[in-house]
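Protein chains: 2
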Amino acid sequence: MSIKNALPPSLKLLLEKGAAQYQSGISVDCVILGFHEQQLKILLLKIDTVNKWALPGGFIKKTEPIEAAAYRVLQERTGVVKDIFLQQFHVFGAPDRADASIHQKRYQSFGVKIPKDNWLIQRFITIGFYALVDFDKVKAQLSTTATDCEWVNIEQLEALMMDHENIVHKALETLRTQLAYLPIGKNLLPKKFTMPELQKLYETILNQKLDRRNFQRKLLSFGILNRLTETKKGGAHKAAYLYTFNEKRYQKALKEGLYGSW
Amino acid sequence: MSIKNALPPSLKLLLEKGAAQYQSGISVDCVILGFHEQQLKILLLKIDTVNKWALPGGFIKKTEPIEAAAYRVLQERTGVVKDIFLQQFHVFGAPDRADASIHQKRYQSFGVKIPKDNWLIQRFITIGFYALVDFDKVKAQLSTTATDCEWVNIEQLEALMMDHENIVHKALETLRTQLAYLPIGKNLLPKKFTMPELQKLYETILNQKLDRRNFQRKLLSFGILNRLTETKKGGAHKAAYLYTFNEKRYQKALKEGLYGSW
DNA sequence: ACAAAAGTGTTACTTTTACACCCATGA
DNA sequence: TCATGGGTGTAAAAGTAACACTTTTGT
Chain W
1 MSIKNALPPS LKLLLEKGAA QYQSGISVDC VILGFHEQQL KILLLKIDTV NKWALPGGFI
61 KKTEPIEAAA YRVLQERTGV VKDIFLQQFH VFGAPDRADA SIHQKRYQSF GVKIPKDNWL
121 IQRFITIGFY ALVDFDKVKA QLSTTATDCE WVNIEQLEAL MMDHENIVHK ALETLRTQLA
181 YLPIGKNLLP KKFTMPELQK LYETILNQKL DRRNFQRKLL SFGILNRLTE TKKGGAHKAA
241 YLYTFNEKRY QKALKEGLYG SW
Chain U
263 MSIKNALPPS LKLLLEKGAA QYQSGISVDC VILGFHEQQL KILLLKIDTV NKWALPGGFI
323 KKTEPIEAAA YRVLQERTGV VKDIFLQQFH VFGAPDRADA SIHQKRYQSF GVKIPKDNWL
383 IQRFITIGFY ALVDFDKVKA QLSTTATDCE WVNIEQLEAL MMDHENIVHK ALETLRTQLA
443 YLPIGKNLLP KKFTMPELQK LYETILNQKL DRRNFQRKLL SFGILNRLTE TKKGGAHKAA
503 YLYTFNEKRY QKALKEGLYG SW
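Chains W and U are the protein sequences, given in the same order. Position 102 of the first sequence, counted from 1, bears residue number 102 in the numbering used here, the numbering being contiguous throughout. One rule links them: number in the numbering used here = place in the second sequence (from 1) + 262.
Calculated from the structure, these hints are not laboratory results. The structure displayed is predicted, hence computed values, not measured ones. Heads up, the beta-carbon is just placed ideally off N, CA and C, and yes, glycines get one too. Don't take each hint at face value.
Heads up, simulated BS3-like pairs for lysine-lysine below, C-alpha to C-alpha not over 27 Å straight-line [as the list claims (entries may be wrong)]: (1) W:Lys-62 with U:Lys-471; (2) U:Lys-323 with W:Lys-255; (3) U:Lys-399 with U:Lys-324; (4) W:Lys-218 with U:Lys-480; (5) W:Lys-61 with U:Lys-510; (6) U:Lys-279 with W:Lys-116; (7) U:Lys-432 with W:Lys-62; (8) U:Lys-324 with W:Lys-252; (9) W:Lys-170 with U:Lys-448; (10) U:Lys-432 with W:Lys-218; (11) W:Lys-255 with U:Lys-432; (12) U:Lys-471 with W:Lys-116; (13) W:Lys-170 with U:Lys-510; (14) U:Lys-471 with W:Lys-255; (15) U:Lys-517 with W:Lys-255; (16) U:Lys-279 with W:Lys-17; (17) W:Lys-62 with U:Lys-323; (18) W:Lys-61 with U:Lys-480; (19) U:Lys-323 with W:Lys-61.
What the simulated footprint calls covered on chain U by chain W, stretch by stretch (three residues with Cβ under 8 Å from a Cβ of chain W suffice, anywhere in the stretch; the number is not a length) [to be verified]: (20) 282-294; (21) 310-316.
Using the sequences and the accompanying hints, generate a full structural model.
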């Protein structure tokens with residue numbers, strides 16, 4: 001037999017007080033996206049008991065708005081508090097989507113068996129949120145149920161827990177169809193960025209090459225960018241101009257949608 | 263004192279067995295849309311105890327997919343089984359959105375007081391679905407909690423219960439932004455329809471006039487319509503050609519989105 | 001015969017696409 | 001000095017917008 005550690009207080013509380021504290025049978029899961037080294041990344045937790053990756057998720061307190069629950073999950077995992085774009089995108093409610101054995105394994109690793117009538121052992125409907133955050137601002141934080149918290153390249157998703165792969169795909173699909181209305185530039189990039197960086201972001205999300213000249217013309221035509229006099233030094237070649245978003249115009253333009261073909 | 267009728271069995275069951283049968287604290291509400299006499303209509307229930315209109319809604323059985331619950335609600339209210347477009351669009355989860363007094367009034371009208379610890383008296387998070395149905399196929403059906411079930415002109419919404427007005431507006435907003443991907447023609451119109459009818463539908467949803475010639479050219483260019491040799495007689499003037507959708511091409515075109523400006 | 005709605009084509013304008021050369025920087 | 005990526009403009013093509021007259025039908 002393996003040596004069991006004591007059950008952490010937070011897990012004990014969840015088991016005993018969860019039903020009183022949280023809405024029953026409903027959770028939130030967050031698809032947290034960042035952009036780094038020309039790649040879209042997703043923040044995932046490694047669940048050692050099942051040896052799979054999972055989306056950061058949590059429960060909804062009885063008096064808490066659902067957005068607040070998602071925001072809480074996001075903060076706990078990333079430490080980021082500002083410039084977050086967070087939006088619900090779909091509810092996942094297949095009757096068999098929850099897998100109680102995952103909870104069981106977690107508690108078993110501390111020598112505890114969850115009673116069958118405990119609130120954790122039931123169907124859970126989850127509300128999917130996606131978040132766009134500045135990669136550089138994130139300090140990934142472990143949760144009590146995870147052994148690792150990492151940015152994973154979106155192209156290289158390994159085995160995810162339960163239906164989380166499905167949730168990720170739905171998030172990306174939503175991201176693509178809503179692109180024209182989303183502040184991806186502002187939230188996925190640092191404050192100052194270059195035109196090529198912005199283009200790479202769009203290319204990555206759309207998964208296609210774009211013409212540099214046409215891309216620049218279109219973006220500038222929206223009138224949402226300020227070109228700075230500074231340039232980005234340190235690149236191996238000609239220095240690119242830095243830009244910032246014109247906040248007011250950006251928000252206004254997004255309401256209409258950044259139309260046109262990419 | 264008013265004379266009380268006996269509590270209907272369905273309401274008694276809901277109170278006593280609801281907690282065992284349904285997911286706790288979660289519901290579905292349906293924004294059911296139809297098109298008639300050049301107007302977008304929404305199917306609403308009149309709740310006499312509060313004298314307000316309400317969206318048809320229901321609970322989710324413990325082993326039922328959430329879409330099935332919405333579909334069940336839709337069928338119970340409309341009798342329609344075929345050619346339905348039904349899709350979730352948003353979750354409404356403000357902690358104070360549910361109003362237990364509405365249930366209380368309903369049961370009070372039968373002389374019954376709901377105990378404070380009953381499952382009905384709690385926060386409810388609701389999943390909003392919208393449905394596009396053929397107005398002519400619908401036979402509006404009363405529910406046990408309503409005294410009237412009617413198509414209401416979308417422009418003339420009166421006082422709605424709880425946050426239902428908000429839900430309707432969010433549905434319409436979603437309808438507009440997703441227009442290019444939605445089979446509004448197929449699901450909101452009868453099988454055979456005229457070009458002016460289709461145009462009126464788009465004009466109504468977009469809330470703007472469109473040029474007849476440009477509209478026709480664009481729609482035909484998608485290659486999703488079959489013109490029939492029949493014409494629509496009985497109109498007071500020149501008979502319009504009837505069209506049907508080319509199912510295969512329509513579905514395929516929708517995946518790409520019916521692009522272009524209207 | 002007239003009023004009302006349906007059918008149809010062309011032109012100007014706007015947007016999108018395609019494409020090539022020079023420039024700055026670090027190695 | 002050279003390799004690499006960044007900056008810039010123009011012309012052809014496609015798509016969109018604007019617009020008027022004729023035809024059919026019922027009254």
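Hint check:
Distance check on the hinted pair: Lys-62 (chain W) and Lys-471 (chain U) sit about 47 Å apart at the alpha-carbon level, beyond 27 Å; violated. Between Lys-323 (chain U) and Lys-255 (chain W) the alpha-carbon distance is near 38 Å, which puts this suggested pair outside the 27 Å criterion. For the proposed pair Lys-399 (chain U) and Lys-324 (chain U), the alpha carbon gap of about 31 Å is over 27 Å, so the pair is violated. Under the criterion of a C-alpha separation no larger than 27 Å, the hint pairing Lys-218 (chain W) with Lys-480 (chain U) is consistent with the structure, at around 25 Å.
Between Lys-61 (chain W) and Lys-510 (chain U), the direct Cα distance comes to roughly 46 Å. Violation of the 27 Å bound is thereby established for this hinted pair. Pair hint Lys-279 (chain U) plus Lys-116 (chain W) holds up; C-alpha atoms about 20 Å apart against a cutoff of 27 Å. Taken as a hint, the Lys-432 (chain U) and Lys-62 (chain W) pair is honoured in the structure, with Cα atoms around 24 Å apart against an allowance of 27 Å. As the CA atoms of Lys-324 (chain U) and Lys-252 (chain W) are separated by approximately 43 Å, the hinted pair breaks the 27 Å bound.
For a cut-off of 27 Å, the pair hint linking Lys-170 (chain W) to Lys-448 (chain U) stands: about 25 Å separates their Cα positions. A C-alpha spacing of about 30 Å is found between Lys-432 (chain U) and Lys-218 (chain W), which places the hinted pair above 27 Å, so the restraint is violated. The suggested pairing of Lys-255 (chain W) with Lys-432 (chain U) holds, with an alpha-carbon distance near 15 Å, which does not exceed 27 Å. This hinted pair does not check out: Lys-471 (chain U) and Lys-116 (chain W) have alpha carbons roughly 60 Å apart, beyond 27 Å.
A C-alpha spacing of about 24 Å is found between Lys-170 (chain W) and Lys-510 (chain U), which places the hinted pair at or below 27 Å, so the restraint holds. Taken as a hint, the Lys-471 (chain U) and Lys-255 (chain W) pair is honoured in the structure, with Cα atoms around 21 Å apart against an allowance of 27 Å. Among the hinted pairs, Lys-517 (chain U) with Lys-255 (chain W) is consistent with the structure: their alpha-carbon atoms are about 23 Å apart, no more than 27 Å. Between the alpha carbons of Lys-279 (chain U) and Lys-17 (chain W) the distance comes to roughly 25 Å, so the proposed pair stays at or under 27 Å and holds.
In summary, the hint linking Lys-62 (chain W) to Lys-323 (chain U) is supported, as the alpha carbons are separated by about 21 Å, within the 27 Å threshold. Restraint check for Lys-61 (chain W) and Lys-480 (chain U): not satisfied, since their Cα atoms lie roughly 50 Å apart, outside the 27 Å limit. For the hint linking Lys-323 (chain U) to Lys-61 (chain W), the alpha-carbon distance of about 22 Å falls within 27 Å, and the restraint holds. Closer than 8 Å: that is the beta-carbon criterion, and the stretch 282-294 of chain U has 4 residues meeting it against chain W, so the requirement of 3 holds.
Here the stretch 310-316 of chain U counts 0 residues with a CB under 8 Å from a CB of chain W, which misses the bar of 3, and the coverage is violated.
The structure fails to meet hints 1, 2, 3, 5, 8, 10, 12, 18 and 21 from the earlier list, while all remaining hints are met.
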